[in-house]
Structure formats: C-alpha cells, structure tokens
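Colleague: Chains as they are written, first to last, in our numbering: chain A, 521 to 763; chain B, 521 to 763.
These are calculated hints, taken from the structure and not from any lab test. Possibly wrong hints are sitting among the right ones.
Copies of one chain are not kept apart here, so a pair can be met inside one copy or by any two copies together.
Said to hold, decoys possible - Lysine-lysine pairs mimicking BS3-like chemistry, simulated, CA-CA at most 27 Å apart: (1) Lys716 to Lys760; (2) Lys642 to Lys665; (3) Lys609 to Lys626; (4) Lys716 to Lys756; (5) Lys609 to Lys596.
2 protein chains.
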Amino acid sequence: MQNMQDETPLANNHISVDCVVIGFDKERLRVLLVKRTGEEAGDIYNDMKLPGSLIYEDEDLDEAAQRVLFELTGIKSVNLLQFKAFGSKNRTSNPKDVRWLERATKLKVERIVTVAYMAMVKIDRALSKSLEDYQACWIALEDVKTLAFDHNLIIKEALVYIRQFVEFNPSILFDLLPRKFTAAQLRILYELVYDKAMDVRNFHKKIAMMEYIIPLEERQKGVAHRAARYYKFDKKAYNKIRR
Amino acid sequence: MQNMQDETPLANNHISVDCVVIGFDKERLRVLLVKRTGEEAGDIYNDMKLPGSLIYEDEDLDEAAQRVLFELTGIKSVNLLQFKAFGSKNRTSNPKDVRWLERATKLKVERIVTVAYMAMVKIDRALSKSLEDYQACWIALEDVKTLAFDHNLIIKEALVYIRQFVEFNPSILFDLLPRKFTAAQLRILYELVYDKAMDVRNFHKKIAMMEYIIPLEERQKGVAHRAARYYKFDKKAYNKIRR
Numbered sequence: 521m522q523n524m525q526d527e528t529p530l531a532n533n534h535i536s537v538d539c540v541v542i543g544f545d546k547e548r549l550r551v552l553l554v555k556r557t558g559e560e561a562g563d564i565y566n567d568m569k570l571p572g573s574l575i576y577e578d579e580d581l582d583e584a585a586q587r588v589l590f591e592l593t594g595i596k597s598v599n600l601l602q603f604k605a606f607g608s609k610n611r612t613s614n615p616k617d618v619r620w621l622e623r624a625t626k627l628k629v630e631r632i633v634t635v636a637y638m639a640m641v642k643i644d645r646a647l648s649k650s651l652e653d654y655q656a657c658w659i660a661l662e663d664v665k666t667l668a669f670d671h672n673l674i675i676k677e678a679l680v681y682i683r684q685f686v687e688f689n690p691s692i693l694f695d696l697l698p699r700k701f702t703a704a705q706l707r708i709l710y711e712l713v714y715d716k717a718m719d720v721r722n723f724h725k726k727i728a729m730m731e732y733i734i735p736l737e738e739r740q741k742g743v744a745h746r747a748a749r750y751y752k753f754d755k756k757a758y759n760k761i762r763r
Numbered sequence: 521m522q523n524m525q526d527e528t529p530l531a532n533n534h535i536s537v538d539c540v541v542i543g544f545d546k547e548r549l550r551v552l553l554v555k556r557t558g559e560e561a562g563d564i565y566n567d568m569k570l571p572g573s574l575i576y577e578d579e580d581l582d583e584a585a586q587r588v589l590f591e592l593t594g595i596k597s598v599n600l601l602q603f604k605a606f607g608s609k610n611r612t613s614n615p616k617d618v619r620w621l622e623r624a625t626k627l628k629v630e631r632i633v634t635v636a637y638m639a640m641v642k643i644d645r646a647l648s649k650s651l652e653d654y655q656a657c658w659i660a661l662e663d664v665k666t667l668a669f670d671h672n673l674i675i676k677e678a679l680v681y682i683r684q685f686v687e688f689n690p691s692i693l694f695d696l697l698p699r700k701f702t703a704a705q706l707r708i709l710y711e712l713v714y715d716k717a718m719d720v721r722n723f724h725k726k727i728a729m730m731e732y733i734i735p736l737e738e739r740q741k742g743v744a745h746r747a748a749r750y751y752k753f754d755k756k757a758y759n760k761i762r763r
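Looking at chain A on its own, in the form it has when it is part of the complex (with noise of 0.2 Å):
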C-alpha cells in the first residue's frame, strides 16, 4: 500500500454476490436460475442469470447472499457458503450485460467483483412450489445456455469446487437426496459429481462398507422390473465415524 504509484489508477469496483443453488432431481443435476429481460437496439430478450445483485451499504456478503436469494427466488435458511471471488476485467466484457445492468442499478458500471457462493438442497414440492411466484426455475445442467456475464464459468468452477467439497465431506451429497433414496440413486449422483461412470456391483460394495449409509426394509412401489431397495443416510453414524 505504501508503495502504490499515483500514476496507476484505482480500479472503480463494484461488488456483487451470486449464488449457485444445486440439486438433483434423481437423474440430472440442476442449478437454480432466473430469467433476465433486456432490450438491445430496440429489441427485448430474454435469457438467464445466477440469482445475484450489487450489494448494499449497510449488509455484510454473506447477508447479501441470502437476501438475494430470498428476492429472486423466494427461497431462505439455506446454507450458503462461499465458494470463489470472480474479479476478471473480462467479467463486463459483453456490452450486452453492461448496458443491462446500468438500466437495472442507473450506475455507471466498470469492473463488478463478484463474490460467488453455493448451496446443495433437495429438490421438493415444497421448495418448487415456492418458486412458481418468482421468475426462477430449475435448469438441468446439461441444458444451461450462455447466461448472462461469466455465470457460466461460475457455475463450473462451483462443481469444481463441490467435488473436493466431497472428497472432503461427502456428507453434503446426502443434502441433494431424498430422506430414501435407492443405490442407483446414489451412484448416478456420484457419478455425476465426479463425471465419470462407476460400475454398478463395485459401487454396490463400495455401499456396502459405508457404515453410514442404512439399507431399509422398504422397497420402491409401482415400478416395472425388481423393486430396489430404499436407502437412508445415517448423520449420527457417519459423524461418529468421521471424528
């Protein structure tokens, strides 16, 4: 700081979260979306964003994530954790998005750092539902188009960062599943988290020695071959194991 030439200028920021919202939905994964309006030379269009926003004066990050999140999406109490500052000049590259954002804050806009944070959930009727009021939806990742800025990359480097999340606490796969979920289930996450397939009678074994993960008694209903067996993640079990 002592040293900083007056000659080079300051970067004129400003700071922004966004929040990747992951979930399965037993076959695919998928991130929550919202939809952006904009009008370019006298045409509107329509496309997608991550849930994010400039922050406020008087909120910390971590607050304006979750408010954010609860605005667009009407979802709260997630557990949002902060994951990558994305600070590229390239980041307001696209005159598209720049024009967008000072119509939207009346701002004159530069550089925007953005502080990026993620959150895993279960994808059910109650959380579905509460985003049919908002202009938000599930996206299957394999279907997200280019979205608005660089949340494309944002959203890569959240499953980067998910993957060595797992390694390190596989716990939190549990938090995309349902209360019961079937072997398949669980392997078809697994593989899609690390992006590679995993054979089916190893990664039954593997199950097997996780003594985390219960078998139940229950079966699946109303399904056309064998019914397979229902699953529960035990937390009390795991956590004694993993001290």
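Given chain A, work out where chain B should sit, using these hints.
Modeller: What follows is chain B alone, placed relative to chain A:
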C-alpha cells in the same frame, strides 16, 4: 437485480487483495507480515499488516495478489490460492485504519472488500535474503499482535482453510518442509496444522504406512543425542496413490 429498490443505497466499495504466506521454521508456523507506519494525533506509530493493496484498474484479482506480494516482499513465483473474500462493514470500524488508508491512497474510504490469498512456502536462506530489502518479516503465529484491519481474523481463517486443504491434499504440507526432514519435524508440523498433540509412537506407524514418505540412509549431524533419520517426500509415489 430487477427488484433493486431505489431507496436502498448501494455500497461504495473498494476492493483489495491480502496475502497470507505461511512458512515453517522446523518448530513453529510463521506468517509473513509487513510493517505499517502511521500517525495519530501527531504521534508516529508502528504496527504490522498482511501484504496487501487495493487493486488497479487493469489487473485481475490473481494478478493483483502476485503484484502486491512482489512489491511488498520481493517474493515471486509463489502459488497463491484464493481462499475467501472478507466484506464485513466492521472491517473499517477502527478509525485509525481508515485514517491510515485514506492518507496512503488519497481516497475517501467506506468499505473495503478484500479477497484473501494464501501460500505455503519453505523458509530458506534465499527467501529470507530477499526479504531484507523490504519492510517484511516472518512472525511466529503465537507472537502475532493486533494487526491492521481484520488481518488477525484473515490469518485465523487461512489456518482453517489449510486444515481442510491438507485433509484433501496432504502433499501441500511438504511445501513447508525442507527437502530432507526428520519424523519429529513432520509430526510437529501436523500438530501445528491440526492444533493437537500426536502420540510419537503412533505417528511413526503412520509414517511407515505413507508410501510416499521415503526413509533415507542419512541421519542428522551434530546433535547431542541420538541422531534422527532423514526422510523425503516422493511426489511421484504420492501422485500414483492419489489417482
């Protein structure tokens, strides 16, 4: 963003980067700090801070972190990892910090969001030599006094991050050790990182099981008691096991 209320003022923020560089002197963890000189009510004071600076208009966050570390400590080519953004309003709650910063930057300062980076390095002769020309020094963690801004908190969070990182990727511990190290040095490092004592005999068993820690024929020289064996870290063996 669409719902942004006009009456809620946006934050007037500056963005900085701060670097937590951690070293190990074979007995204690040390952090690299730079001296700060300020003036309060006509009196000159000296205290310390992390190497850090506001970012320039033309640089990315990662570039800013590398530049700052080099400008303030002469260190370059260090693997700096971004680990957390700090944006609490309380960061600038001490008027002394605000006055110092406004004098140094000639800017009106409200909130500063800082993006914190960390690196783990070997404290060797070459590195210590390069610090001599700067107002930078290695301070043992337990000797760190009250630092500028929230820099004590940032160091604390860096240690939490390192602990998680080591769990996932223990090889980074060997970035801190000399090329040849004793079992005792490795144990002390583990104890410091995990902040708990480890049984000496169990630790020797643990080492014997880590195929990437190779015992050497060489032993310590010029020690009063039984000379300890040296070990080395075998990166290739480590990568093979972790794949």
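Colleague: Are any of the numbered hints broken by this structure? If so, which, sorted upward?
Modeller: none
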